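Number of protein chains: 2
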Amino acid sequence: MTDGILTSDQILAAAQDVLRRYGPAKATVVDVARALGVSHGSVYRHFPSKTALREAVTQRWLDESHAVLADVMSADTPADVRLRDWLAALSGAKRKKALDDPELFATYMVLVNEASAVIDRHVADLIGQIEQIIATGVAREELAATDPAAAARAVFHATTAFHNPVHASGWSRPGIEDDFASLCDLILLGLKPRRRE
Amino acid sequence: MTDGILTSDQILAAAQDVLRRYGPAKATVVDVARALGVSHGSVYRHFPSKTALREAVTQRWLDESHAVLADVMSADTPADVRLRDWLAALSGAKRKKALDDPELFATYMVLVNEASAVIDRHVADLIGQIEQIIATGVAREELAATDPAAAARAVFHATTAFHNPVHASGWSRPGIEDDFASLCDLILLGLKPRRRE
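Protein chains in written order, with full-length UniProt numbering: chain R, 1 to 197; chain V, 1 to 197.
Hints should not be assumed to be uniformly reliable.
[To be verified] Listed next, the in silico DMTMM-like pairs over lysine to aspartate or glutamate satisfying Cα-Cα at most 20 Å (straight line):
1) R:K97 - R:D185
2) V:K192 - R:D185
3) V:K97 - V:D31
4) V:K192 - R:E142
5) V:K192 - V:D125
6) V:K50 - V:D147
7) V:K96 - V:D147
8) V:K192 - R:D80
9) R:K97 - R:D85
10) R:K192 - V:E55
11) R:K192 - V:E177
12) R:K192 - V:E141
13) R:K192 - V:D80
14) V:K94 - V:E55
[To be verified] Non-contacting residues of chain V with respect to chain R, defined by C-beta distances greater than 10 Å in every case (computed):
15) Q10
16) R45
17) K50
18) A56
19) R60
20) V110
21) A158
[Claimed, not checked] Short, incomplete list of chain R residues facing chain V, as computed with Cβ under 10 Å:
22) R34
23) V38
24) G41
25) S42
26) V110
27) L111
28) A154
29) H157
30) T160
31) A161
32) N164
33) I187
34) R194
To be clear, the hints were calculated from the coordinates, so they are not data collected in a lab.
Being a predicted model, the structure only gives us computed values, none of them experimental.
Idealized CB from N, CA, C, for every residue including glycine.
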């Protein structure tokens, strides 16, 4: 492969393969360059450091995992339905990643732990999406919340056991679907408008 | 020390010290016996195996951590107040354990991971206490829940980020008190009785 056609996306795909093959502790930029048949300078032209490359790989993985959320956000459904769908999509995407390819998932858990800025932005983005659903719902009187931003954080934290990778080992236990449904019921009751009393 | 006065509680206290000093990977029953100045046979008379001893130490630690919950359970407060107090007491007890003595806490995280039956019973007991608060509240019309058992599981899962030790590293971050309060607000709104519509 010549450097002329090397794209960032090709590097990220190769980096993912290398991370998976050698493990996050051993994988180097030289391994990535070798896999692509280019010099390590060619990789550094796209990503100025090993850390930058690993963060970009992590970011890409997170973006891929959550692409499905965009569909839910743009759906023309009542806010309570949209919030439940969004929570199911988030936990479903995370579970799929964890159960379909546990080895790659474990690799990413290591990356995620070292890329706290990437994760902080990612979490802020997710909470922002929940806030948007709640604020829209409040405006349409489909949901009630005195402080949509605080409510969005509460919803995100409330569903931790179903989307935070540290809980992945419990995601195949029997009854988890029922537990998730009960939790969504509780959250949506908490956000349901009340008649004026 | 003579065997005649050796109690299970003395053994458990010594085992905790030994686990802390040598780490869970290295600590042995012989170390515990030596610390007490008795034969290892004396320890085995109380605990038939190393596993039984470690499980008993774990159980004692969990019981101690949650002794404060009994006070909340027996308080004569409205169910919504009692539920919030109970959740605050649980997360407060866990945070105190984690922040006051991180080394001992880390030791117990290892024990907890190997004692899944102890943990399962412990979690079932906690969910049982929440269910009791909710069921009492429903009977007094202070709370509403069509299925108190399912609601109790939902409340337990909803507060995972604030009581599950895997999240201990986040328990000293700024804003956690506000996040916990917002989450309790959401949960209690979800359980608040509605006027018949």
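Results for each hint:
1. Between the alpha carbons of K97 (chain R) and D185 (chain R) the distance comes to roughly 25 Å, so the proposed pair goes past 20 Å and is violated.
2. Taken as a hint, the K192 (chain V) and D185 (chain R) pair is honoured in the structure, with Cα atoms around 13 Å apart against an allowance of 20 Å.
3. A distance of roughly 25 Å separates the Cα atoms of K97 (chain V) and D31 (chain V); the hinted pair therefore is violated under the 20 Å criterion.
4. Distance check on the hinted pair: K192 (chain V) and E142 (chain R) sit about 18 Å apart at the alpha-carbon level, within 20 Å; holds.
5. With a CA separation close to 24 Å, the supplied pair K192 (chain V) and D125 (chain V) exceeds the 20 Å bound.
6. The suggested pairing of K50 (chain V) with D147 (chain V) is violated, with an alpha-carbon distance near 41 Å, which exceeds 20 Å.
7. Simply put, K96 (chain V) and D147 (chain V) have alpha-carbon atoms about 32 Å apart, too far for the 20 Å limit, and the pair is violated.
8. For the hint linking K192 (chain V) to D80 (chain R), the alpha-carbon distance of about 18 Å falls within 20 Å, and the restraint holds.
9. Between K97 (chain R) and D85 (chain R), the direct Cα distance comes to roughly 18 Å. Compliance with the 20 Å bound is thereby established for this hinted pair.
10. Of the pairs offered as hints, the one joining K192 (chain R) and E55 (chain V) is violated, with about 44 Å between alpha carbons and a cut-off of 20 Å exceeded.
11. Between K192 (chain R) and E177 (chain V) the alpha-carbon distance is near 24 Å, which puts this suggested pair outside the 20 Å criterion.
12. Only pairs whose Cα atoms come within 20 Å are accepted, and K192 (chain R) paired with E141 (chain V) is accepted, the gap being roughly 19 Å.
13. Note on K192 (chain R) and D80 (chain V): the hinted pairing holds, with a Cα-Cα distance of about 18 Å set against a maximum of 20 Å.
14. Restraint check: the Cα-Cα separation between K94 (chain V) and E55 (chain V) comes to about 19 Å, which is no more than 20 Å; the hinted pair holds.
15. In this structure Q10 (chain V) is separated from chain R by more than 10 Å, as the shortest Cβ-Cβ distance comes to about 35 Å.
16. At roughly 36 Å from the closest C-beta of chain R, the C-beta of R45 (chain V) stays outside 10 Å, upholding its exclusion from the interface.
17. Even its closest Cβ contact with chain R, about 24 Å, leaves K50 (chain V) beyond 10 Å, as expected for a residue assigned away from the interface.
18. With a least CB separation of 25 Å from chain R, A56 (chain V) remains clear of the 10 Å interface cut-off, as annotated.
19. No Cβ of chain R comes within 10 Å of the Cβ of R60 (chain V); the nearest lies about 25 Å off, and the non-interface call holds.
20. For V110 (chain V), the non-interface assignment is confirmed: its Cβ lies about 15 Å from the closest Cβ of chain R, beyond the 10 Å cut-off.
21. At roughly 4 Å, the least C-beta separation between A158 (chain V) and chain R is not larger than 10 Å, which violates its mark as non-interface.
22. Taking 10 Å as the C-beta contact cut-off toward chain V, the hint placing R34 (chain R) at the interface is violated, the least distance being around 36 Å.
23. Restraint check, V38 (chain R) versus chain V: the minimum CB separation of about 39 Å is more than 10 Å; hint violated.
24. Taken as an interface hint, G41 (chain R) does not check out: its beta carbon lies about 38 Å from the nearest beta carbon of chain V, beyond 10 Å.
25. For S42 (chain R), the shortest C-beta to C-beta distance to chain V is roughly 38 Å, which exceeds 10 Å, and the interface hint is violated.
26. Taking 10 Å as the C-beta cut-off, the interface hint given for V110 (chain R) is violated, the closest approach to chain V being about 15 Å.
27. The interface hint given for L111 (chain R) is broken, as the beta carbon of that residue sits about 17 Å from the closest beta carbon of chain V, more than 10 Å.
28. Because the closest C-beta pair between A154 (chain R) and chain V is about 4 Å apart, less than 10 Å, the hint holds.
29. This hint holds: H157 (chain R) has a C-beta 5 Å from the nearest C-beta of chain V, less than the 10 Å allowed.
30. At a threshold of 10 Å, the smallest CB-CB gap from T160 (chain R) to chain V is about 4 Å, leaving the interface hint in force.
31. Hint on A161 (chain R) holds. Least Cβ distance to chain V is approximately 4 Å, under the 10 Å limit.
32. Taken as an interface hint, N164 (chain R) checks out: its beta carbon lies about 8 Å from the nearest beta carbon of chain V, inside 10 Å.
33. Restraint check, I187 (chain R) versus chain V: the minimum CB separation of about 7 Å is within 10 Å; hint holds.
34. The beta carbon of R194 (chain R) comes within 6 Å of a beta carbon in chain V, closer than 10 Å, and the hint placing it at the interface holds.
When each numbered hint is compared with the structure, violations occur for hints 1, 3, 5, 6, 7, 10, 11, 21, 22, 23, 24, 25, 26, 27.
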